[in-house]
Amino acid sequence: MHLLIDGQALQTPSSRLRGIGRYGSNLLRALPIARPNWRIEVVQNSSLPPIAREDLAELPVLSFTPPLAPAVPHQDINERFYADWLTARGPDGVLVLSPCEGWEALVPCFCGSRPRLFGIAYDLIPLLYPRHYLNNIAVSRWYAHRFRQLLSSDALLAISEATARDVRVLGGADAPLVVNIAGAVDPLFAPLSPSEQAAGAALVRKRFNLDREFILHIGALDHRKNLLGAIRAFAALPAKCRAALDLAVVCRLKPAEKAAVEEMARASGVSSSVKLICSANDQDLRTLYATCRLFFFPSLYEGLGLPVLEALHCGAPVVTSDCSSLPEYAGPVSWLGDPTSPEAMAVVLREALAEPRDARRPDREAFARTFHWNTTAERACAVMERSLSRFVKPLRRRLAWVMPMTAADQPMLEYAAKLLPLLSEHFDIELIAGYGSIAALESLSQNHLLLSAQEVAARHAAKPYDMFIYQWSASPRHRFMLDLLPLFPGLIELHDFSTVDLDRLVELNLLRPRSASGEWVPGLGLLVHSAAAWQQAGRVVNSSILCLSLPSSLLAQSTATKATQPHDFRHLAAGYVRWIDRAIDQHEQTDGPWHSFALQCLADHPDMADRAIDTWTTLRTQGQQQLAG
Amino acid sequence: MSLRTDGSETPPSAERLAQALRSGLELRWSIPSLDLEASTCFPPNANVRPFLERHADLLHYSLPRRLHPLSRFVQGIRKVLRKFISPWLDVQTRFNLSAVSVLEQIEQRVQSLEQTERVLRQTIEALEKKQVAVEQQSEQVDEYAISLLTREKS
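Those sequence lines, one after another, are chains Y and Z.
Read the first sequence against the working numbering and you will find it ends at 631, with the numbers running on by one and no gaps.
Read the second sequence against the working numbering and you will find it ends at 645, with the numbers running on by one and no gaps.
This is chain Y alone, in the form it adopts within the complex (with noise of 0.2 Å):
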C-alpha cells in the first residue's frame, strides 16, 4: 500500500505546539513500525516552515508548492490544486492529519476520481459551543468548509470514543466509516525515579515559587477549558483544606490575559495561592506532573485530554470531568464530577485529597500503559486496509434547476410546476431562484428545496449537482444565471426564443460561436422548443442544439384554453432525462467543471493562466490514468 500522510498539522503553529501536533508526530512515528512494508511518504507545504526531523521518524518527505500566494482568495484554487497534485502522486490512500486545519494549511478538495482518503477527527468543539467558536460569519463559513471536507472521507479516525459518538452524530447520514483509534501518551512523560523526582522537586519548586504542596492545573483562557471553574472550585474547598495548598495553573497567557485570570482568583478570594506558571516546557511539565499532590482538569469538553493521560503516567491522582473523552481517559483509578459545578468539584476534589497520594501510584500507571501508540497505529491500519474494499453504492443524480421566481415568470413557473414532477422519477432536483423575491407556486416549493444565488457555491460544495440547467428567457430578471454559468456550467433551455439573447451568450463566451470549435465553453447543450429555433440557433452557435416541441396544451394556454394534458408533458420529460443523461456522460468524460474552475480561478491571474491550467491539466490526467490503472 502507498500512503501518503499530509503533515501541514507539524507545520502550522496554530496545530504543532498543541495536543495536535503531539497526536500527529507519534502517530507518524508509530505507523512504519506497524507497517513496515507499506510505502510511507510525508506530504509538506512549502509555504509553511518545514516539519522538524525528529516528528518524521526518518519518513521520506515530498514538499508541495501552492500555485498561488497563501491567502484566502487564492485557498479554493490552491486546495483543488493540491488535491490534483496528490492524486497524481497515485497514492493507494491519503491521509489528512488535521482536516479542520485554519486558513494557513490547504486541506485537499477533491475532484472527481480520486484515491481513498482518510483524516483524523479530534474533536467538533466549535459545533457545540457556536456561541463561543462560531459567533462571526467569516469563520462560520470556513468551518462549515472544514466540516464538509472532513465528512467527505473514506474513513474518519477518531481519537476517543466520544468524538467517534460526535461525528456519527452530527454527521447524521453524511458521516463516512468512524473508528475509535484513541491515543498515547507522548514517551517524554516516563515516569520519574526516586532521585530525579526529589532532585526535580526542589529545582521547581524554587524556579515557580511553590513552597507548599499544590494542585496542578493546565489550561488555557479558552471557554472550554474552564480556567474560572477550576479557580471556583478550589476557592469552594474548605479553608482548613486549602490552607496547606497552593493551586498552580500552567497555562500560556499574554500580560492582558494573565491580569484577566489574577483577577478571577481576587475575585474568587483566593488570589494569594494561585501560582500562574507561564513557561513551562515538557520537562518541567514531567516533573510538576511528579511532584503535585494531585492533577486537576475540570475542562467542559475534550477530544482526547492528553494531560490527563500524561498525569496518569507520572503518578499522579486525577480529579477530571465526568464528560466528553474524559472518563475514557482517567479510567477508573481517578475521581470524576461534574465541571458546571464548583461545589461539586470541591467535594470531588475533597474526597481526593483525603487518600494518600501514592496510595494506587502502581495502578494509575499501570491504567496509562494500557494505552499504546503502537497500538493506535495498528488499529489506524486496520481501518485504512478495510475501507480500501469497501463497495461505495451509486447515488441518483442530482440537478440544480435555475430559474428567477418572481412574480412576473408566471408561465415558466407553471411550465416547471408540471415538468419537474415527472423530471424528479429520475434526478433529485433543487431550485434555484434569483436575487429578487421569490414568488414559487406551492407545489415546486413543496416538493424541491428552494436556494438563492448566493447559497449555490456552498450547496454544491456540501452536496454536488451533477448537472446545472438554466431556464432561460429574454428578461432582464434572467441576469443572474450569466453570473453562475461561468461558475457552474451547465445546459441552457431557451424558453423564449430570441438571437439577441443567443448572441449574448456567445459575445460573453458563454456558449462557442458558429466560427469556433474544440474551445471549452460552460453552455454545455442548448435546448430550443422549435425546428424554426433549432434552425437560427445551428446559424449562430457550434455547440450541441436539441429540439424539443412543446406540448400542445402549453400552446394553447397561449389562447386562454386553459386544458392541461400530462402525457404531452410525459413526452417532454423522456426527451429532457435522455438530453440530461447524455450530457452528464459527456461532462463526466471531459471533466467540465474542473476545467471552468481553474479558468475562474486564474482569471486573475492572465500572465500564469495558460501555463498553470497546462500543467495542472497534464497532472490531473496524469493522476486519473494512474487511478483508471
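Derived from the structure by calculation, the hints contain no laboratory data.
The beta-carbon is built from N, C-alpha and C at its ideal position, and this holds for glycine as well.
Treat the hints loosely; a few may be bogus.
Pair by pair, the computed Cβ-Cβ distance ranges are [claimed, not checked]:
hint, chain 1, residue 1, chain 2, residue 2, range
1, Y, P51, Z, E616, 27 to 35 Å
2, Y, D284, Z, S589, 52 to 60 Å
3, Z, V623, Y, L443, 51 to 59 Å
4, Y, A71, Z, Q627, 23 to 31 Å
5, Z, E616, Y, L484, 49 to 57 Å
6, Y, L484, Z, Q627, 32 to 40 Å
7, Z, S589, Y, Q412, 19 to 27 Å
8, Z, R519, Y, E416, 21 to 29 Å
9, Y, P38, Z, A617, 49 to 57 Å
10, Y, G540, Z, I637, 54 to 62 Å
Using the hints provided, position chain Z relative to the given structure of chain Y.
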C-alpha cells in the same frame, strides 16, 4: 451525545447547526451572540432570532397565573377559550416563525453584502494606488522623452 453543557448550549441546537453546515445552508443559521444581554435589547444588534423567537410561538405562550377567588372558574374559561382560538394561534405562530426566518436570512445577506462591499472597497483602493503609480511612471516617461528630445535638439 457525549456533551455535558454549561447551560448555554443544548445538543439539539448542535445537531441543527451541524445539519445546516453539512447541507451547505450555513447562511440560514443564526449567528449566536456571546453577549446574552444583546439579545434582549432593542433594536436587536446583529441577531434577530433570539430577540424575536420568544415572542413568535403564541400557541405555547403561558398566561400569567394569579390567585383569585374565582381562579378555578377563570382557568376553566381560559381552557375553553384556548381550545377555540388555538387554530388561529397556530396559523399566527407559523406566520411569526416564518417571518423570523425571513428576517434572519435578510440580516445574514446584509452582513455578507457588507463584507463583499468591504472587499470591493479594498480592491478599489488597491487599484487607485496602482493607477497613481502608473501615472507617476508615465510622467517619468514623459519627462525622459522630453529630455531626450531637448538633447536631440541641442
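Hint check results:
Distance hint for Y/P51 and Z/E616: a CB-CB separation of about 32 Å, consistent with the stated range 27 to 35 Å. Under the hint 52 to 60 Å, the C-beta atoms of Y/D284 and Z/S589, about 56 Å apart, fit the expected range. Under the hint 51 to 59 Å, the C-beta atoms of Z/V623 and Y/L443, about 54 Å apart, fit the expected range. The supplied range of 23 to 31 Å is met by Y/A71 and Z/Q627, whose beta-carbon atoms lie about 25 Å from each other.
Take Z/E616 and Y/L484: their Cβ atoms lie about 27 Å apart, and the range 49 to 57 Å is violated. About 37 Å separates the C-beta atoms of Y/L484 and Z/Q627, a value consistent with the hinted range of 32 to 40 Å. For the pair Z/S589 and Y/Q412, the supplied restraint of 19 to 27 Å holds, since their beta-carbon distance comes to about 22 Å. Remark: the range hint 21 to 29 Å for Z/R519 to Y/E416 is upheld by a beta-carbon distance near 27 Å.
A beta carbon spacing of about 53 Å between Y/P38 and Z/A617 agrees with the range 49 to 57 Å that was offered as a hint. Range check, Y/G540 to Z/I637: Cβ separation about 58 Å, and the 54 to 62 Å hint holds.
Hint compliance for this structure: hint 5 alone is broken.
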